[in-house]
Every structure is written in structure tokens, then in C-alpha cells.
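**Student:** Based on the provided sequences and hints, a complete structural model is requested.
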Amino acid sequence: MIKKFLVFSFIIFSSVILSGCTAKTGLNPPTNPSENEPPSSVDGITEKKPGDGEPKTERPKTGQDSFGVDVCGELTKEIVGETIGKTIFSIRDFSNSTSTGCEYFIDEQKNKFVTVVVSYLSVENQKKGQEALGRSIANVEDITVEHFVVWQEDGKTINAIYLVMTPDKFVRIDRSSLKAVNDDMLLKLARKVAEML
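Counting in the working numbering, the sequence shown runs from 423 upward without gaps.
Think of the hints as simulated: they come from the structure by calculation, not from any bench.
As the structure is a computational prediction, the values presented were derived from the model and not from experiment.
Just so you know, not all the hints are guaranteed correct.
[What the hints assert, rightly or not] The list that follows gives simulated cross-link-like pairs (lysine to aspartate or glutamate, DMTMM-like), each with its CA atoms no further than 25 Å apart: (1) K610 to E500; (2) K549 to E525; (3) K508 to E617.
**Tutor:** Below is the structure:
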């Protein structure tokens, strides 16, 4: 009797354990796609297969691919400093799932800086958002690529400059405050970035 009970218990216990190993909980990753399917993409970042000899993630490169994968590496602190006429003390990567960018610090305390950010978002939505905040949008003649300049509510101060690469990719140039760089310096930086596109 005890022997039958132990065998029966072992069979039930084994069944429970084995069925638990294959149960779908909703937390398991989906099955692997076939080799012919493209890698998956979340928030514009494409996962690459290990062993490809490239970084684990790659940001989408739509439109002009010549700028925007490593902003700090492509637009060095020396180039930025020379362009705006100020010393850049340090730089910091400023990237997330929808953009890649760099902060260029004009003081050692890291309070004053300019940023150059490549974003994979709707250009039209950016314009609408800025207008909803009461800001005006205009172009300037000497920036050689499609762009728009966002002016603060007072109409006298630049908030940010957007260089449009595609309807869903742009470069935004802005600053921490007017104490960092003035409007002329920000426009010079935008012109320099436009030359690099």
C-alpha cells in the first residue's frame, strides 16, 4: 500500500513539475523568429544578434545617415568650442530610446551647456507642441537644410533650432540658458551641424 502511494505521488509530483516548466505565463519571451525575419524593434532601437561584430543595439538610420549615431564622437567638443567661441570643459552622452545626443558643458560645474540631440520622433508633432506652448516658429535664411527655429513666447529669444532630416528624424540644438550661449552662438552651432548632415 505504501509502495503504491509513493509511486502514485511520484507520478503526480513529476507531472506537476514537468508541466510547470513548459507553461506559458505571459512573461516568457516570444518564440524565436525564423532566420529570414528582420530583428525586432522596440521604440526605434533594433536589437542585433550577438556575434554580428557590432554593438548590441543600433538606432534606426533613416534619411541622411551621415550624422546621429554617436553625436559626442561625431561633433567633438573641439568643434563645438571653436564654433561658439567658448571652451568646452566636458561632454556627456544624452541618449534614450528615441534619441541620441550630447551635452557640451561650458563651465566646470556643469550648469551651463548646449545640447545637440538627434531624435526619431514626428517633426510635425514637435511643431504642434511648441505652438501649443505659445511659441512661434520661423526659418532663418542662412541655415542650408530644412529647419525651423522655435522662438520663446516673447518672440525675441530662441528656444531651440530643429534641423529636419526626415518627417520622423531631426536634430535639435538648444541650451541650458542664455548664460550658456546667446542666440548668435546657437545659430552658428546649428549652421555647423547643418554642414555635417
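**Student:** Next, verify each hint and record whether it holds.
**Tutor:** Okay, the hints, checked on the actual structure:
Note on K610 and E500: the hinted pairing holds, with a Cα-Cα distance of about 14 Å set against a maximum of 25 Å. Restraint check for K549 and E525: the C-alpha separation of about 23 Å stays at or below 25 Å, so the hint holds. Simply put, K508 and E617 have alpha-carbon atoms about 20 Å apart, close enough for the 25 Å limit, and the pair holds.
Of the numbered hints stated above, none is contradicted by the structure.
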